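Based on these hints, arrange chain X on the given structure of chain D.
Protein chains: 2
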Amino acid sequence: MTSPTPLEVYPITGLPEVLPGDDLTAHLVTALRRGELPPRDGDVLVVAQKVVSKSENARVELKTIEPTPFARQWAETWDRDPRAVELVLRESKRIVRMARGLIVCETHHGFVCANAGLDQSNTGKGEVALLLPRDPDRSARTLREGLRKAFAADVAVIVADTFGRPWRVGLTQVALGVAGLVPVEDFIDKLDNDGRRLHMTTIAQADQLACAADLVCGKLKRVPAALIRNYDGPRGEGSGQELLRDPNLDLFR
Amino acid sequence: MTSPTPLEVYPITGLPEVLPGDDLTAHLVTALRRGELPPRDGDVLVVAQKVVSKSENARVELKTIEPTPFARQWAETWDRDPRAVELVLRESKRIVRMARGLIVCETHHGFVCANAGLDQSNTGKGEVALLLPRDPDRSARTLREGLRKAFAADVAVIVADTFGRPWRVGLTQVALGVAGLVPVEDFIDKLDNDGRRLHMTTIAQADQLACAADLVCGKLKRVPAALIRNYDGPRGEGSGQELLRDPNLDLFR
Chain D
1 MTSPTPLEVY
11 PITGLPEVLP
21 GDDLTAHLVT
31 ALRRGELPPR
41 DGDVLVVAQK
51 VVSKSENARV
61 ELKTIEPTPF
71 ARQWAETWDR
81 DPRAVELVLR
91 ESKRIVRMAR
101 GLIVCETHHG
111 FVCANAGLDQ
121 SNTGKGEVAL
131 LLPRDPDRSA
141 RTLREGLRKA
151 FAADVAVIVA
161 DTFGRPWRVG
171 LTQVALGVAG
181 LVPVEDFIDK
191 LDNDGRRLHM
201 TTIAQADQLA
211 CAADLVCGKL
221 KRVPAALIRN
231 YDGPRGEGSG
241 QELLRDPNLD
251 LFR
Chain X
1 MTSPTPLEVY
11 PITGLPEVLP
21 GDDLTAHLVT
31 ALRRGELPPR
41 DGDVLVVAQK
51 VVSKSENARV
61 ELKTIEPTPF
71 ARQWAETWDR
81 DPRAVELVLR
91 ESKRIVRMAR
101 GLIVCETHHG
111 FVCANAGLDQ
121 SNTGKGEVAL
131 LLPRDPDRSA
141 RTLREGLRKA
151 FAADVAVIVA
161 DTFGRPWRVG
171 LTQVALGVAG
181 LVPVEDFIDK
191 LDNDGRRLHM
201 TTIAQADQLA
211 CAADLVCGKL
221 KRVPAALIRN
231 YDGPRGEGSG
241 QELLRDPNLD
251 LFR
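Protein chains in written order, with our numbering: chain D, 1 to 253; chain X, 1 to 253.
One chain only, chain D, in its complex shape (with noise of 0.2 Å):
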């Protein structure tokens, strides 16, 4: 028997400096062409949620931002900057916990995490926020577009971000948007090896994925995405959106 054949976990590297307004499917089509690392059919690109923002221009200018007074009273109580705890609030539809000087919040799209996403790490010198894309499948799909045009190959792509979690200590990936590749795989209704059935066992892959993808990513390598290869889950157009729990079946609204 001779040894099976991996998935594996390409970081892209050589990517430029991601400016405000670049067109990141250039930059990524270069380094892929001088990485040696053409896509084929079948591959999953994973994107940082970083780059993709820096790309489509979702910044914001804190001076640009008037703070009311309950976000005022929270930063005056928590050290930070009255500014920013304004734009959380606004880029939130629904606050899930402030504690802490914490805030979780369902965003507008409708994900859950510390301070609606808002980042203000590796976003260029001055006082700059990043939001969370508007519509990170779109994002997904124009990468997916992209590829397919620069290298005739049909690529599935993930834009993934790190969130909390609770109970658990670290952050790890989830998929914000998702093109080509089904993100929840569903085993509900098929048979175990006992024949009996398997009850409500669905998987989340495409936060798998972007699980895998940071293990080659990391934090400070301005490694913003990976390429993987041999992943043999189900394929169709996918969004993010369905990665999303229904309200009404949450138990920790």
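FYI, nobody ran anything at the bench for these hints, they're computed from the structure. The model shown is predicted, which means the values in this text are computed figures rather than measured ones. Watch out, some of these pointers could steer you wrong.
Straight line, CA to CA, 20 Å or less: simulated SDA-like cross-link-like pairs of lysine to any residue [said to hold, decoys possible]:
1. Lys50(X) - Phe187(D)
2. Lys93(X) - Glu242(X)
3. Lys63(D) - Ala75(D)
4. Lys93(X) - Gln241(X)
5. Lys50(D) - Leu62(D)
6. Lys50(D) - Phe187(X)
7. Lys50(D) - Gly21(D)
8. Lys50(X) - Thr202(D)
9. Lys50(X) - Thr201(D)
10. Lys63(D) - Glu76(D)
11. Lys93(X) - Lys149(X)
12. Lys50(X) - Arg97(X)
13. Lys93(X) - Thr201(X)
14. Lys93(X) - Pro166(D)
15. Lys50(D) - Thr202(X)
16. Lys93(X) - His108(X)
17. Lys50(D) - Ala75(D)
18. Lys50(X) - Leu131(X)
19. Lys93(D) - Pro166(X)
20. Lys93(D) - Glu127(D)
21. Lys149(D) - Arg138(D)
22. Lys63(D) - Asn115(D)
23. Lys149(X) - Asp41(X)
24. Lys50(D) - His108(X)
Then chain X, alone, in the frame of chain D:
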């Protein structure tokens, strides 16, 4: 520029059905040898909780369980097996939520998950529930020692299970037990590329490694383990307990 070295995730195929009391290390060593996949220094082996629990006889015959009135009443309301409900309560030190037939609890180890991690799928014919391993870190250390003896290689080991999470659809893998790697990588005091401090960025690498492994394992392929090669994260003794959030710092008790 040549193509960068990828992270590789190998399914470990050809394992027999693991029976109660089996020597899991011996099964894995045989499968790794037959698959021409001898582990190397620095590799990470991820093993599903299910086969660890089977090999450790962490199983209970439901006919031996006498349900309390509380368990009976819940089981009747939600059409559950009262003996399984009773077992969930016995495996728990705290109930986090009980609603819609679902019991989210904190196990005696400190893991927060549905039904105390009880597993009634793929557990063999008969009315048997698999429990989580009593001490998943010890399970991981035992496997690590066995691999060291068989292959003269220092391999990190993760015992992984499939947990749900609030807000998002689908389950993902988490690390219950860890040996030979640092499960949570800490970026708090490093500077980002603009010289600004990164606040509170700790990454749950062991959980992300477990997710990567699951991409080649799947629920129905009888592949309960995977070998990850070229992961360059920090090494150390490690423990799955490091992944459990201090209850005093948890907003979702």
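Structure-based check of all given hints:
Proximity of Lys50(X) to Phe187(D) is assessed by CA-CA distance (about 17 Å); at most 20 Å being required, the pair is judged to hold. Note on Lys93(X) and Glu242(X): the hinted pairing holds, with a Cα-Cα distance of about 19 Å set against a maximum of 20 Å. Between Lys63(D) and Ala75(D), the direct Cα distance comes to roughly 16 Å. Compliance with the 20 Å bound is thereby established for this hinted pair. At roughly 16 Å between alpha-carbon atoms, Lys93(X) and Gln241(X) fall within 20 Å of each other, so this suggested pair holds.
Restraint check for Lys50(D) and Leu62(D): the C-alpha separation of about 17 Å stays at or below 20 Å, so the hint holds. For the given pair, Lys50(D) sits about 17 Å from Phe187(X) by alpha-carbon distance, which is consistent with the 20 Å threshold. With a C-alpha separation of about 13 Å, the suggested pair Lys50(D) and Gly21(D) falls inside the 20 Å cut-off, and the hint holds. Proposed proximity of Lys50(X) and Thr202(D) is supported: the alpha carbons are some 17 Å apart, at most 20 Å.
At roughly 15 Å between alpha-carbon atoms, Lys50(X) and Thr201(D) fall within 20 Å of each other, so this suggested pair holds. In summary, the hint linking Lys63(D) to Glu76(D) is supported, as the alpha carbons are separated by about 17 Å, within the 20 Å threshold. For the suggested pair Lys93(X) and Lys149(X), the alpha carbons sit about 37 Å apart, so the restraint of at most 20 Å is broken. Only pairs whose Cα atoms come within 20 Å are accepted, and Lys50(X) paired with Arg97(X) is rejected, the gap being roughly 24 Å.
For the hint linking Lys93(X) to Thr201(X), the alpha-carbon distance of about 30 Å lies beyond 20 Å, and the restraint is violated. Simply put, Lys93(X) and Pro166(D) have alpha-carbon atoms about 18 Å apart, close enough for the 20 Å limit, and the pair holds. Proximity of Lys50(D) to Thr202(X) is assessed by CA-CA distance (about 17 Å); at most 20 Å being required, the pair is judged to hold. Of the pairs offered as hints, the one joining Lys93(X) and His108(X) holds, with about 5 Å between alpha carbons and a cut-off of 20 Å not exceeded.
At roughly 25 Å between alpha-carbon atoms, Lys50(D) and Ala75(D) are farther apart than 20 Å, so this suggested pair is violated. In summary, the hint linking Lys50(X) to Leu131(X) is supported, as the alpha carbons are separated by about 9 Å, within the 20 Å threshold. With a CA separation close to 18 Å, the supplied pair Lys93(D) and Pro166(X) stays within the 20 Å bound. Note on Lys93(D) and Glu127(D): the hinted pairing is violated, with a Cα-Cα distance of about 24 Å set against a maximum of 20 Å.
Under the criterion of a C-alpha separation no larger than 20 Å, the hint pairing Lys149(D) with Arg138(D) is consistent with the structure, at around 17 Å. For the hint pairing Lys63(D) with Asn115(D), the CA-to-CA distance comes to about 18 Å; that is within 20 Å, so the pair holds. With a C-alpha separation of about 12 Å, the suggested pairing of Lys149(X) with Asp41(X) holds against the 20 Å cut-off. At most 20 Å may separate the alpha-carbon atoms for a hinted pair to count; Lys50(D) and His108(X) exceed this at roughly 39 Å.
Of the numbered hints stated above, those contradicted by the structure are hints 11, 12, 13, 17, 20 and 24, listed in ascending order.
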